[in-house]
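> Chains as they are written, first to last, in this note's numbering: chain P, 1 to 637; chain R, 1 to 637.
Since the hints were made in silico from the structure, they are not lab data.
It is possible that some hints are incorrect.
Identical chains share a label here; the pair holds if one copy fits it or two copies do between them.
Stated by the list, open to error - List time: in silico DMTMM-like cross-link candidates among lysine to aspartate or glutamate, alpha-carbon distance up to 25 Å:
| hint | residue 1 | residue 2 |
| --- | --- | --- |
| 1 | Lys24 | Asp336 |
| 2 | Lys88 | Asp69 |
| 3 | Lys572 | Glu549 |
| 4 | Lys572 | Asp553 |
| 5 | Lys485 | Glu447 |
| 6 | Lys24 | Asp344 |
| 7 | Lys113 | Asp450 |
| 8 | Lys636 | Asp205 |
| 9 | Lys622 | Glu565 |
| 10 | Lys34 | Glu83 |
| 11 | Lys113 | Asp487 |
| 12 | Lys389 | Glu624 |
Number of protein chains: 2
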Amino acid sequence: MRLAQALFAPRAVALIGASGDASKNTARPQRYLKKHGYAGRVVPVNATRDEVLGERAYRSVADAPIDIDHAFIMVAEVEQALEDCGRKRVPVASIYSNGFADAGIEGTRRQAKLVERARALGIRLLGPNSMGVVDLPGRVALTVNAVLEMDAPPAGGTSLISQSGTMLGTLLSRGAARGLGYAKLVSIGNEADLGVGELVELLVDDADTKVIALFLETVRDAERLARAARKAHAAGKPIVAYKLGRSVLGEELARTHTGALAGTDVALDAYFRDCGILRVDMLETLVEIPPLLSGRAPTELKRPARVAVVTTTGGGAASVVDRLGLHGLELASMHDLTMTSTQDTYRTTLETLLASPDCDAVLAAVGSSAQFHPDFAVEPIVQAKRSPKPLAAFLTPHAERSLALLAERGIPAFRTPEACADAFAAFFAWQSPRPRPVFGSLGSVPEFPDGLGIAIAEQAVVQAPEFKHALPYPVALKLMDVEHKTDVGGVALNIASHAELLEQAKRMGQPRLLVQRMERGLAEAIVGYRDDPIVGPLVLVGAGGTLAELYKDFAVGLAPLSEAEAMELIGKVKGLAVIRGYRNLPRGDVAALARAVSALSRLALIEGRPVREAEINPLIVKAEGVVAVDARLVLKD
Amino acid sequence: MRLAQALFAPRAVALIGASGDASKNTARPQRYLKKHGYAGRVVPVNATRDEVLGERAYRSVADAPIDIDHAFIMVAEVEQALEDCGRKRVPVASIYSNGFADAGIEGTRRQAKLVERARALGIRLLGPNSMGVVDLPGRVALTVNAVLEMDAPPAGGTSLISQSGTMLGTLLSRGAARGLGYAKLVSIGNEADLGVGELVELLVDDADTKVIALFLETVRDAERLARAARKAHAAGKPIVAYKLGRSVLGEELARTHTGALAGTDVALDAYFRDCGILRVDMLETLVEIPPLLSGRAPTELKRPARVAVVTTTGGGAASVVDRLGLHGLELASMHDLTMTSTQDTYRTTLETLLASPDCDAVLAAVGSSAQFHPDFAVEPIVQAKRSPKPLAAFLTPHAERSLALLAERGIPAFRTPEACADAFAAFFAWQSPRPRPVFGSLGSVPEFPDGLGIAIAEQAVVQAPEFKHALPYPVALKLMDVEHKTDVGGVALNIASHAELLEQAKRMGQPRLLVQRMERGLAEAIVGYRDDPIVGPLVLVGAGGTLAELYKDFAVGLAPLSEAEAMELIGKVKGLAVIRGYRNLPRGDVAALARAVSALSRLALIEGRPVREAEINPLIVKAEGVVAVDARLVLKD
């Protein structure tokens with residue numbers, strides 16, 4: 001049978017470890033399946049009882065008298081349960097039990113063995129450490145998550161994949177309280193077998209799913225998820241992600257600045273953008289944004305988005321407009337309707353704006369009427385003729401009934417000005433998946449950086465005691481083969497004479513040193529390449545000197561990049577404004593910089609991807625051309 | 001009678017313009033006073049009726065048969081109503097009517113006249129454009145705000161002053177939905193007479209008020225509010241503000257960088273910090289933070305705050321911790337309690353942390369039990385022995401009952417990870433009002449900058465055709481008396497010879513030019529002074545060159561500043577890290593820079609404050625000393 005059916009719509013489920021004590025977590029799936037109207041057969045499996053909560057129970061799933069489509073394993077002896085499933089030819093097993101990759105190296109080994117055995121037995125696994133699967137339209141509540149204590153959670157067009165089991169409950173609970181329903185909800189656990197990418201693929205084919213929401217702590221299957229995201233885009237199903245871990249700049253100590261700067265979260269940001277996944281900043285936005293996305297495609301605006309606001313509450317509107325401004329969005333116009341305006345005036349104002357070329361979205365800010373006269377308050381918003389342009393509402397009071405009315409009609413509605421602005425910002429930053437540029441392969445690892453067509457400053461190795469060389473002064477003198485040279489006093493710049501050079505060489509105390517022609521340009525940049533363990537090859541460009549580090553002033557894209565794409569990336573670096581035509585400052589050769597960025601990004605094309613990190617820092621940008629002053633390439637292992 | 005009593009606890013109120021049509025806004029105060037149990041007398045005043053909603057009405061307030069403590073004016077003919085109040089010796093009038101400073105220049109003139117007349121009549125005014133006053137413990141609902149349709153809003157220890165009438169309703173509504181009550185709520189309107197500062201003074205003396213919350217669009221009485229804030233601090237009553245207008249950098253076109261950078265919002269930030277007012281970033285934080293502040297004082301930590309987290313939901317805790325990290329707070333420790341932990345274990349863990357020196361606050365993250373077993377879920381938090389160290393809760397599901405239980409017990413509880421982190425960040429950034437440093441007066445406007453003891457680069461005016469001077473090369477050549485010289489090509493740096501100087505002079509095409517010795521240092525800074533129209537004198541220090549502008553890398557403080565305070569300000573400028581001992585870079589004379597900042601700040605002490613803006617840009621910071629390269633001082637008018 002098909003995976004999706006066994007996973008989401010099993011005709012019969014086995015609950016391995018189902019407890020007869022209704023207060024226990026392991027009794028929940030049985031209770032919840034019944035409570036929410038599961039139409040299939042439920043087979044409790046219990047080592048010591050023949051009856052569990054009124055159902056005939058079996059000692060082993062293998063003893064079940066019917067075919068089992070989906071087993072939910074809640075016992076410590078997962079391996080034995082899996083063998084039993086194998087004997088019974090159960091196609092899918094979800095594993096609630098933990099003690100696998102969530103539990104150190106030993107657990108990780110245990111998990112690897114489990115997966116190997118599952119493959120041999122032909123069983124697909126969800127988890128371990130998964131809280132299970134919910135399909136609200138299908139009335140399948142195969143989960144230990146206590147959120148299913150709730151009566152009749154509303155079904156809707158959003159499906160959720162969550163790496164946190166408890167947050168699945170949080171999102172379902174918060175959505176339900178205001179009429180925002182879900183289709184399928186999956187607690188994906190350790191992703192030992194079924195991963196986020198494969199689940200997205202299943203949801204792309206799921207008729208009930210219009211929008212896919214992801215609660216992520218990491219990405220474990222970047223390539224598959226990227227493919228799935230492109231498939232979702234083609235199918236018109238937006239994907240929106242909330243991801244933890246923004247305040248950590250990457251766990252490993254990187255050997256280059258590129259490594260340190262382009263930590264995991266920054267890399268994931270580039271990755272999401274690259275494959276057309278929206279990323280929201282706030283948790284509540286993940287609950288609230290789906291109606292804004294449903295049935296819509298990226299706007300691909302090349303200018304700041306303009307939002308028109310219609311309001312009966314000046315302060316309420318201002319709180320959103322203020323926040324939109326912080327996100328770089330613009331106010332197209334503000335329409336302050338008095339309380340005496342008729343419903344018709346209100347609706348007509350909305351419709352005029354929705355039809356106007358002067359704005360990209362319309363926001364209705366509704367005051368206290370949303371609390372005390374919900375039908376009246378949201379009527380003009382609900383009645384306004386739909387358009388591809390988004391119409392959203394922000395309700396200033398506590399107004400759950402109004403929120404639910406809007407949710408019922410598929411109109412995006414926000415509870416806070418911050419989530420509202422976050423959603424608009426994410427929506428307008430949303431881009432279609434990037435078509436990968438076509439380049440020839442690069443063969444083997446080139447001389448770096450010259451082999452990539454990037455000139456390096458004239459240099460020579462000098463030897464004690466004379467430290468002779470033929471370069472014109474001024475020059476720079478550097479220690480060789482030392483990392484972070486500046487930190488240890490291993491760089492002397494602007495040496496004007498041989499006497500000065502000898503003095504500096506003496507200070508450095510090494511017999512062999514590097515002398516380099518002093519290069520001057522209009523700006524310094526850092527250009528880096530990194531094969532990220534999670535998202536794969538990426539390229540970084542930043543302001544040079546200490547700026548990239550002090551100000552986090554850099555931009556990251558997935559490699560390879562075309563020159564045009566590199567140019568866009570450069571445009572995001574604030575400090576490089578000085579060479580893009582800022583005030584009266586002379587322009588630098590940004591095109592040459594873009595060529596260098598694109599060239600570095602092509603390290604991703606070498607067969608076997610042997611390069612771990614590569615960096616030119618600084619790369620001097622001149623009025624014509626660029627020149628590398630220091631470059632470093634690190635191979636894997 | 002006392003102002004506070006007439007305003008908040010009037011024995012009798014007149015409703016001037018009270019409507020007999022219960023559906024009208026102007027009928028609301030009468031309905032709400034009755035609904036919420038007002039114990040005093042209500043006198044409707046209506047031009048055409050002798051009875052309004054069952055009460056005897058009068059044609060003029062002057063005809064009322066009893067003394068009126070507080071009149072609420074809702075008619076267009078405000079001036080006439082005011083005269084009537086005068087005849088009746090009404091001490092306080094709140095004015096709902098608009099068409100004053102909210103309505104352009106004409107309205108502003110009208111308002112000035114109104115205030116003048118009120119002073120003559122001995123009447124204090126709230127508004128115009130005020131939605132009125134609410135005192136929940138006192139059962140006074142003298143307002144047109146529809147939020148009072150609500151039954152029995154809970155009373156609490158927070159009082160609110162709002163410059164937006166509608167947002168008063170928003171905050172009351174949202175608080176009430178989760179058991180967070182208010183004491184007094186004031187819609188302050190145009191502040192023609194009674195301003196935020198004076199209201200804060202009244203609330204400092206109000207026994208019901210423990211925390212003062214401000215919803216601000218601007219500050220109209222900075223000096224009085226500053227004094228009131230100091231009084232509130234002394235009385236142990238924290239003030240927290242949410243202020244709109246963060247995305248606008250100031251309306252007026254400033255003549256210096258200092259003016260452009262230190263716009264109104266940045267100035268207000270410095271102002272709030274200076275007078276000990278916390279500022280929150282998110283609207284919901286203004287609702288949620290009061291229990292965190294109540295009875296507490298600023299921690300004045302000199303290091304990042306450390307928060308310990310106790311949780312039953314890994315994902316929920318991580319969503320807060322992630323956000324705390326973005327605010328620069330640290331995780332002290334994470335305690336992942338399993339669902340099988342007893343209530344006792346939970347409570348003991350909380351108490352141990354509250355007593356531990358290893359953390360500055362404790363956060364309990366509660367999962368789905370908060371929704372389905374509220375008493376059980378919050379029991380350990382409620383039972384834990386109180387300590388001066390904050391204990392707060394974040395509830396992941398939709399859990400209003402749990403929120404209310406915590407609110408009842410005065411325990412801060414948050415609905416979103418973002419507001420929770422915002423509150424902690426604001427709490428730990430909170431400082432006591434700054435004692436103003438003591439300086440002697442400065443006499444008259446000094447020679448700038450030398451008169452302040454700041455050296456200026458050696459310079460000379462040179463004349464065509466020889467452009468002779470006696471300075472050693474290299475030199476800089478500049479246009480004189482031109483603003484934004486760099487933008488118009490009016491600066492040539494690093495001129496190495498007289499021949500080069502002649503060439504540049506020819507290009508500039510002026511007969512008189514300024515030649516200046518090229519100064520080199522370890523960093524460039526911008527130092528500025530500005531007499532802000534809202535908050536008064538302030539001083540700015542930023543990274544030099546284009547950095548302050550490109551990266552918004554500057555810090556602002558209220559003037560005057562001591563050298564030690566200037567040093568702290570400098571510490572906030574990222575780009576100046578390069579002279580504070582960053583990596584192996586040579587240290588600059590930060591103390592001399594601090595002296596210069598403090599010196600500029602003393603421009604605030606000149607009698608009459610004649611200086612509008614002053615700026616040194618750049619100020620070269622050397623290994624020893626600083627030297628000004630360009631300086632500019634603008635007098636008022």
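> Please list, smallest to largest, the hint numbers that this structure does not respect.
Violated hints: 7, 8, 10, 11 and 12; rest satisfied.
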